[in-house]
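Colleague: Sequence:
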Amino acid sequence: MKAIQEVIRLHAAGLSQRQIAQACRLSKGAVGKYLQKAEQASISWPLPPEMDPAKLEALLFPSHRSATVTAPVMPDFAAIHTEMRRKGMTLQLLWEEYVAAHDEQRVYQYSQFCTHYRAWKGRLKRSMRQNHLAGDKLFIDYAGPTVPVIDPGTGEIRQAQIFVAVLGASSYTYCEATWSQSLSDFLGSHVRALRYFGGVPVLLVPDNLKAAVTKASRYEPEINRSYQDLATHYGAVVLPTRPYKPKDKAKAEVGVQVVERWILARLRHFQFFSLMELNREVRRLLEDLNQRPFKQLPGSRKSTFEALDRPALKPLPAQDYVFAVWKTAKVSIDYHVEYNRHRYSVPYRLAHERVDLLVSARTVEIFHQQQRVASHLREDSRGGYSTLTEHMPKAHQRHSEWTPGRLLNWALSIGPATRDVVRWQLESKPHPEQGYRSCLGLLSLSRSYGVSGGCKLIQASD
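Counting from 1, one number per residue, gives the positions in the sequence shown under our numbering.
Among the hints, a few may not be true.
[Unchecked claim] Here are the simulated SDA-like pairs of lysine to any residue, each with C-alpha atoms no more than 20 angstroms apart in a straight line:
no.: 1; residue 1: K28; residue 2: A12
no.: 2; residue 1: K121; residue 2: S180
no.: 3; residue 1: K121; residue 2: M84
no.: 4; residue 1: K314; residue 2: V202
no.: 5; residue 1: K215; residue 2: D229
no.: 6; residue 1: K302; residue 2: R261
no.: 7; residue 1: K330; residue 2: R354
no.: 8; residue 1: K327; residue 2: A231
no.: 9; residue 1: K210; residue 2: V238
no.: 10; residue 1: K327; residue 2: G441
no.: 11; residue 1: K302; residue 2: R283
no.: 12; residue 1: K302; residue 2: R192
no.: 13; residue 1: K330; residue 2: L388
no.: 14; residue 1: K121; residue 2: T90
no.: 15; residue 1: K394; residue 2: H342
no.: 16; residue 1: K302; residue 2: R354
no.: 17; residue 1: K215; residue 2: W326
no.: 18; residue 1: K330; residue 2: H342
no.: 19; residue 1: K330; residue 2: G383
no.: 20; residue 1: K295; residue 2: E306
no.: 21; residue 1: K429; residue 2: E390
no.: 22; residue 1: K210; residue 2: D185
no.: 23; residue 1: K302; residue 2: R86
no.: 24; residue 1: K28; residue 2: L93
no.: 25; residue 1: K210; residue 2: A231
no.: 26; residue 1: K327; residue 2: S375
no.: 27; residue 1: K210; residue 2: R261
no.: 28; residue 1: K327; residue 2: P317
no.: 29; residue 1: K121; residue 2: H81
no.: 30; residue 1: K429; residue 2: G441
no.: 31; residue 1: K215; residue 2: L203
no.: 32; residue 1: K394; residue 2: R349
no.: 33; residue 1: K394; residue 2: K429
no.: 34; residue 1: K210; residue 2: V258
no.: 35; residue 1: K37; residue 2: A13
no.: 36; residue 1: K215; residue 2: T328
Quick caveat, the hints were computed from the structure, so don't treat them as lab data.
Starting from the given sequences, assemble the full structure and let the hints guide the process.
Modeller: Spelled out as structure tokens, the structure:
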């Protein structure tokens, strides 16, 4: 073994064991073993002229002479497969550690070591062959079967959907029941899954679900905007599986299959009368699933998670993500936008512009060209206004086109009754601009129909 000669030579040159390990591409432990053997055999540099590599190996490792009758030690490939999921791990390093651990026994050369490992790996199930890095990917999908839930009041049966999330390295699994696969349920399940794992992976890998992907593509899928917001909040990246690429979602498919077999199949004879009751039983079976030993690998999902994934996950943010949806709207002439029949103000200069609304359970945030221009508490009173003083023009009379004076002059040109109705519209609102909608509606009608008579009726009824 020329490596032994090189270790002895570099040691005589004054290099440290760490430097020798780097130069010879060996582990520090292997270098220490070689030097210890050389010292025990009183071997030093320079070697005697007759000491070729074969004689040196026979002198330092006499047990290797029985190689013709002793089979090499078979590596623990299950443990090696687990170690390969650690970031930065290589087969070269694992082989060196294997050699150092069996220095008195016959071992495989590196090429044979790799060949045997690939053969062992090929006998695993497809999903188990993939070496997903610790803390790297969380695979997300829904189970095919649903679970019936009976309304105790009406007897109506609703079908609950089963959300499944599986970490790539450990196969540690989370699942729960929700009423639908809607965006709000989908993102809410993510929040609870990440809380269950106690950390955040680098990548969120959903199938091409409607709630996750608005436009599927092999190269540049279009991610739902709210889903992207969730990923940004947690510091993760959304990477949907590619269409027609089954290997991309093998881990998710196997995770769903395991949940269907080990959890849903065990619930088939149960009757549930609430989603909470169903999820309580799902959680009990989930804990049992994660503790169950692997058949072909050492440990369980839980123990592998604790060893690999948990240390590699990024910490959770201080606050959970709060669900919000995006809507597009056009600012009206009175510098308000409408959501669910309630109107929210924006800076008056944005009248007639298109803006984006980010609506949560508590707030309505308004963006123009990706810049937030307004933020309001959400109000569900239909027909109401939420107006901030700083959004108003400095002088209502200088409004871009329509002013109260101009509207009143137009109304008077039609008749006194029309003027009185317009004045009432302007004065009955907190701010004159809020009455513009109704006044402009009268203007539109006046172009096709006379409105003076109608205004007299309105005035009389008032």
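Colleague: Next step is simple, just say for each hint if it's right about the structure.
Modeller: Against the structure, the hints:
1. K28 - A12: holds (16 angstroms)
2. K121 - S180: violated (38 angstroms)
3. K121 - M84: holds (12 angstroms)
4. K314 - V202: Measuring from Cα to Cα gives roughly 8 angstroms; hence the hint holds.
5. K215 - D229: Distance ~17 angstroms between K215 and D229 Cα, so the pair holds.
6. K302 - R261: At roughly 18 angstroms apart (the allowed maximum being 20 angstroms), R261 and K302 satisfy the hint.
7. K330 - R354: holds (4 angstroms)
8. K327 - A231: holds (19 angstroms)
9. K210 - V238: holds (14 angstroms)
10. K327 - G441: Judged against 20 angstroms, a Cα distance of about 26 angstroms means the pair is violated.
11. K302 - R283: Holds. K302 to R283 sits at ~14 angstroms (cutoff 20 angstroms).
12. K302 - R192: Roughly 18 angstroms between the alpha carbons, so the hint for K302 and R192 holds.
13. K330 - L388: Within the cut-off at roughly 18 angstroms; holds.
14. K121 - T90: holds (15 angstroms)
15. K394 - H342: violated (24 angstroms)
16. K302 - R354: Violated, at about 50 angstroms.
17. K215 - W326: Answer holds: K215 to W326 is near 16 angstroms, not above 20 angstroms.
18. K330 - H342: holds (14 angstroms)
19. K330 - G383: holds (17 angstroms)
20. K295 - E306: holds (18 angstroms)
21. K429 - E390: holds (17 angstroms)
22. K210 - D185: Judged against 20 angstroms, a Cα distance of about 12 angstroms means the pair holds.
23. K302 - R86: Given pair K302, R86 holds - Cα atoms ~16 angstroms apart, limit 20 angstroms.
24. K28 - L93: Holds, at about 10 angstroms.
25. K210 - A231: holds (17 angstroms)
26. K327 - S375: Holds, because 14 angstroms separates the two Cα atoms, which is no more than 20 angstroms.
27. K210 - R261: violated (25 angstroms)
28. K327 - P317: violated (26 angstroms)
29. K121 - H81: holds (8 angstroms)
30. K429 - G441: Holds, at about 16 angstroms.
31. K215 - L203: With Cα atoms ~19 angstroms apart, K215 and L203 stay inside 20 angstroms; holds.
32. K394 - R349: Roughly 11 angstroms between the alpha carbons, so the hint for K394 and R349 holds.
33. K394 - K429: Holds - the C-alpha atoms of K429 and K394 are around 18 angstroms apart, at most 20 angstroms.
34. K210 - V258: Violated, at roughly 23 angstroms.
35. K37 - A13: holds (18 angstroms)
36. K215 - T328: Satisfied, since the Cα-Cα distance of roughly 18 angstroms is no more than 20 angstroms.
Comparing the model with each earlier hint shows violations of hints 2, 10, 15, 16, 27, 28, 34; every other hint is respected.
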